[in-house]
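Required output: the full structure, derived from the provided sequences and hints.
Residue numbers (our numbering), protein chains in the order written: chain A, 1258 to 1957; chain B, 1258 to 1957.
Read the hints as simulated data drawn from the structure, not as lab findings.
Since the list can't tell identical chains apart, any single copy or any two copies may satisfy a pair.
List of simulated lysine-lysine pairs, DSSO-like, C-alpha gap at most 27 angstroms:
| hint | residue 1 | residue 2 |
| --- | --- | --- |
| 1 | 1468 | 1818 |
| 2 | 1622 | 1808 |
| 3 | 1842 | 1622 |
| 4 | 1913 | 1897 |
| 5 | 1903 | 1808 |
Number of protein chains: 2
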Amino acid sequence: MSEQQLFFLAPIGSILALLFAFIQAKKVLGFSEGNEIMQKISASVRKGANAYLKRQYTGVAMFFAVMFVILGIMAFAGLLTPFVPFAFITGGFFSGLSGFIGMKIATSSNARTAQASSESLNRGLRVAFSSGTVMGFTVIGLGLLDLSIWFFLLKYVFYADLVGDPSEQIRRISSAMLTFGMGASSMALFARVGGGIFTKAADVGADLVGKVEAGIPEDDPRNPAVIADNVGDNVGDVAGMGADLYESYVGSIVATMALAVSAGYGFGGAVVPMLMAAVGTVASIIGTFFVRCGEKADQKTLLGALRKGTYISSAIIVVAAYPLIRIALPEHQGVYFAVLSGLIAGVLIGFFTEYYTSDHYNPTKNLAAASLTGPATIIIGGISLGMLSTLLPVIIVGASVLTSFFVSGGGTNFSFGLYGVGISAVGMLSTLGITLATDAYGPVADNAGGIAEMSHLPHEVRERTDALDSLGNTTAATGKGFAIGSAALTALALIVAYIDEINIHDPTFVMNLEIKNPPVLIGMFVGVMLPFLFSSMTMSAVGRAAQNIVKEVRRQFKEIKGLMEGTAEADYATCVDICTRGAQKEMILPALTGIISPIIVGLVLGVNGVVGMLAGATASGFVLAVMMANSGGAWDNAKKHIEGGKFGGKGSEPHKAAVVGDTVGDPFKDTSGPSINILIKLLSMVSIVFAAFILKFSLF
Amino acid sequence: MSEQQLFFLAPIGSILALLFAFIQAKKVLGFSEGNEIMQKISASVRKGANAYLKRQYTGVAMFFAVMFVILGIMAFAGLLTPFVPFAFITGGFFSGLSGFIGMKIATSSNARTAQASSESLNRGLRVAFSSGTVMGFTVIGLGLLDLSIWFFLLKYVFYADLVGDPSEQIRRISSAMLTFGMGASSMALFARVGGGIFTKAADVGADLVGKVEAGIPEDDPRNPAVIADNVGDNVGDVAGMGADLYESYVGSIVATMALAVSAGYGFGGAVVPMLMAAVGTVASIIGTFFVRCGEKADQKTLLGALRKGTYISSAIIVVAAYPLIRIALPEHQGVYFAVLSGLIAGVLIGFFTEYYTSDHYNPTKNLAAASLTGPATIIIGGISLGMLSTLLPVIIVGASVLTSFFVSGGGTNFSFGLYGVGISAVGMLSTLGITLATDAYGPVADNAGGIAEMSHLPHEVRERTDALDSLGNTTAATGKGFAIGSAALTALALIVAYIDEINIHDPTFVMNLEIKNPPVLIGMFVGVMLPFLFSSMTMSAVGRAAQNIVKEVRRQFKEIKGLMEGTAEADYATCVDICTRGAQKEMILPALTGIISPIIVGLVLGVNGVVGMLAGATASGFVLAVMMANSGGAWDNAKKHIEGGKFGGKGSEPHKAAVVGDTVGDPFKDTSGPSINILIKLLSMVSIVFAAFILKFSLF
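This is how it looks when you write it as C-alpha cells:
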C-alpha cells in the first residue's frame, strides 16, 4: 500500500465511527422509555437541555460571526491563508455538533436506562453504555470527517497545483490545517465553561435550598431546581465534555501533522496521526463488545467490565500501530514506542486519579475521617490531598515526554524528538472512542437515578441505578485525568507547532526562547498565573449564578401553594431558564480572557513571550486542573463514604462537614478544573492563528 | 572616593544597624513589665519560646553538621571551593541568630507593650514598634556583617594573591560568596516551616477545643493552649519571618554581585548591592523617627504613622542611590532606574495586598457577605479572591523585571540587563530595616493584647492593644506581599547566577535553555508542581500537629479539676512541648524536599532541567504564595468584619461560617504561603552549591 492510499483509511475510519454511532443510537432508541411519568420527566430534561443549547449556540454563533469577519480581514491583509476563516467555522461547527448529538442521545437514554434497570442491571448498563458509545464515536467520527474533508480539499483542490513539489504541498496543507483547531477550541471553551456554570449553579442552588433549608431529599420532584440539575448533567458533563475532547483529538492530530512536516517526514509522517486515529476507531469499536456484566454484579465487576473494553482496545492499538508505522515511517520505527508511551501514560494517570479520589483507597478514607473535626479540617485536608496528587501525574507526563522524545530520535535530530512528543498525545487519544463512552455513560446513569426517584420506581431499581452511577463517578474521575493528560500533551505539541509557524511566517526572524530571556520569563509568569485567574472567574461565576437559583427556589417554595405537600407542581422551566441566562452571561468574560490574553502578551512581549506564556500556562494549568479535579472528586466520595454509614452516617455532624467539602468541590471538579484543559489548548490555538499579526505589530 | 574605599560603607552600615538595634533594645527594656501577673505570663511565653528555639536549633545543628561533612567532602573532591562549608555554617548561624534576637526582644516586649498601652496609645505604639525595630535592624546588621567579613577575608586574605588580576579576584570572590546563601536558606526554611507549624497547630488547637467546644473566649487563661498560642506568634511570625528576610536580603546581594561580575562591571558593580544596603540602613534609621501618633489615633492614623516612616526611608534611598551609582558605575547610570523600579514594585505589591485583604475595600467586604450562605460559599469566595489577587502582582513583577532589564542596558548587552534585574531586588529590599520593623511589631501587639486579657487589665487597655493588633494584621499582610515579591526577584537573580556558575565550572559546557528543549520543559513542569507538593506537606503537618493539641487540651479540661472554674491552673508547658515536638518532627520532610528536589532533578534532567525547574518553581511559587496569603488574610479580616457587627455579628450563623474560613486560612497564610518564599530561594541555592556535582554525575 502506498502512502497516498494510506490516507484514505482516515475517511473510512470516520465513516465506520459514525455508522457505529448511528447503529448504537438506533439500538438505544429501541428500548422502552418506561411509564408516563418517566417519559414526562425525560421530556422536561430534554426540553431544558435543548433550550439551553439553542440559546448557547445562538450566542456562540454571534461570536463566530464576529471572529469570521476579523479572520477574514486578517486573511485579506495577508496575515492568514484564506482558508482559515472557513476552517475556523467548520471546527466550531463540528465541535458543537459533537456536543449536541451527545446531549441528544444522553437525554433520550436517561428514562430508558431507568426502565432497563428495572428489568436487570446488565440491561441498564447496556443502555447507559450504548448511549455513551454514541457520544464517543460521534466525537471521533466527526473529528476524522472534518480532518479528512479539509485534507482532501487542500491536497486535491486548493493546493493541487503543488503536486510537483510534494514537500511544499504538505507544508502548506499542515500549516493551514493547524489553524482550524481554534474554532473547535473556542466552541469547546464556551461549551465547557457555560455547561460547567449551568450544572453547578443548578446543583448548588438545588442543594442549598432543597436539601439544607427545606430538608427534602436529593432528586425530590418538589424541588423546583431538580430538572435544572438533571439538565446540567447533560449540558455540562456531556455536551461540554464532548466538545472538549473533540478539540483535544483534532488538536493533537493537526499539531503532530505540522511537527511531521518540520521534521522532514513528508506525506507519510503527516498522515500517521490520522491513521492512528482511524486504527483507534476500529480498536474502540471492538472494545465496546466486551462491556457486559451478569446480574449479580457489584461495583468492582462493573468497573472490570468497562476496564476490559478499554484495555482490549489499547491492546489492539499496541498490535496494529506497529505495522502502520513500519509502512508509513519505515526509517523511523522508534516512533512506535512514542505511541506506547502515550498509551501507558494515559492508563497510569487514570489509575492514580482513581487512587486519590476513590474511597476504596486510603487518601479519601483519611479525608472522610477529617470530617470528625469539622468543615475546616476537611477543607484543608481536601486541598492538601489535591495538591499532593499532582506529583505523580507530573512525573508521568514528564517521563512520557522524555521517552517519546528520545525513542523517536530526538537525541540526534531535535525535530524528530518533538514529533515523537506529538505522536504520544495522538497515541493517548487513539482510544478516545471507548474512553469517552465509559465517561459519557456516567451522567446518563446519574439522570436515570433521578428519574427512578422522581417517578417512584421500586427501591431495587434505584439501587441498580445507584450502582451504575457510583461507577460513573469513578469513570468520570478517570475520564478527567485522561482529558487533562491529553490536553497537556496536545498543548505541548501545539507550542512546538507554534514555534514552527513563526519560522514559516518569517524565516528571517530569530527567536530567543532561552528561559532567561526576560520576555520568555515574564511570559511564563503570566502563563502560570492565567489558570488561577481563569479559575477565579469561573468559580465566582458559579457563585453568582447559584445565588439567583437560590432566590428563585425560595420564591417558589413561598409562593406556590401546595408545593411542599405535593399537590401543586413546581415551575421547573423558570429554574432552567435562570441557569441558562446565568451561564450565557457568565461564560463571556472567562472565554474572552482565553482569547485575548495571548494577543495582549504577544503585542507587549513578542512571540518569545507568547511561547513563555504557553509553556507556563500548560504547566500550571495541568497542575491546577489535576489538583482541582482530585480535591473535588475526593470530597464527593468522602461524603458518599460517610453516607455509606461511616463516622455517623447521613445527618451526623461529620456528614454536614463533608457536605461543605462536597459543595466546595463542585465548582472545582465540574467547572473550573475541566475548563482549564480547554484554556491551555485555546491559548495555543489563538497564538497560532494570530502568529503573523503578532510578528507584525508586536512591541518586541 | 575610590571604589575600594566605597566597600567600607558596608561594615559601617552593619555597625550602625546593630548599634541602633542595641539602643532600641535598651530603650524597650527600660519600660515597665507591669504587674506580677503580667510578668508571670510574659515569662511563661518567653520560657516556651526559648524551649522551642533551643530544641529547634539542636535539631538544625545536627542537620548543619551533616551538611558540613557532605560539603567538606565535595570541597575535598574539588567540586566546591574550600570556603563553602564554612560559609554555609556562618549563613545558617547568622540567619538563626537574627531570628533568635528578634524572638528574644519580642517576648520581652509583650508585657511592656500592654503596660505602656495602659498609659497611652502612643506609648504602646512606641514600645511595640521599637521592639520591631530591634528585629529589623538586627537582620540587616547581621546580614551586612556576614557579607562584610567574608568579602574582607576573601579579598584581603584568601584571594589576596590575585591582587594583580582584579577581575579574576572579584570573580572568585563573588562565586564563593554566592554559595553561602544556602546556609541562610536552610536555616530560614526550618525556622519558617517549624515556626509556621507550631503557631498554627497551637492556634487551631486552642480555638477548636477552647472557643468551639468549651465556649470560653480567645486568650482565656483557662485554655491550656493559650501560652502555646502566644509562643507561636513569636516563633512563627517573628523568628521565622526574620530568618526568611535575612535570607532574601543576603541572597539578593550575593546574586547581584555575581551578575555584576559576569556583566564585566568589576569591583564597582560588585559592591553596589552592599552599598545600596548600607545606604538603606541609614535611610531606615531616619525613617523610624517619624513613626509616632497622638492619643486619639484611629487605625488610619496609626497606619499613616507607620507608612510615613517607610515612605520617608524610600524617598531617602531615591535621593541617595543616585550619587552612589554615579560614583560606582559611572558608565551605567541607567542602573539607578532599576533601583527605582524595585522600590516602586515593593510599594505597589504591598498596596494591592492590602486592597485584597483589608475590610476597608470591597473584595473582603463581599467575601464577608458570602458567609450569609454558609461555610461552603465563603470558602469558594476566598479561594476565588486569592486566585484573582495574583493578577496584579504578576504584572507588577513582570513590569519591574522588564523595566530593570532595559534601563540597565539589556537591549544592547544581555548581561547588563540581568544585573539590572538583580539590582531591582536589592532596591526593593533596601528599606528592609523599617519594613521588617513595621511587620515584626504585629505579633508583639498581638501578644500584648493576650496579656492584657489574661491579666484582666481595664477594658480600654485591651481596646488600645486591639487597635495596635488590628493594624498589625494590615502590616503583616503588606509584609507578606513584600516578602514574596522580594523572594521572587531574588530567586530570578539566583537563577541567572546559577547559569553563570555553570559556565564558570565548565566553560566548554553548552547549555540549551530553550523552553522547547524537553529537559527544560519537564524541569519546568516539575518546578511548577513543587510548591503544590510542598504546601500539601506543610498543610497536612499542621493538621496532624493540631490533632495532638486538641487531644491534650481535651484531656486537661477533663482531668484537671477546677480548671474551668478558675481555681486550678492549666498545664501550659505540656501544650508548648507538644507543639514543639510536633513542629520539629513535621518540618523535616518538607525541608528535605526543598533540598533534595534540585539534586534529583539535576541528576535526571541535567543542568538545563534544573534551570527549567527553578523558573517554574519561582513562577508557580510566587503565584501560589500570593494566593494563599491573600485568601488567608481576607478570610481573617472577613471574620473580623463580621465580629465588628456586620451580618449578625459574633455568634451568628454567618460568623460561624466565617470562622471556618479563617481556620482554613490559618495554614494558608501563616504556614504554607510564607514557607514557599523560602522554598523557591532554597531550590536555587542548593542548585548553585551542587552545580559542579550535577555537571559531573548527571544523566544528561
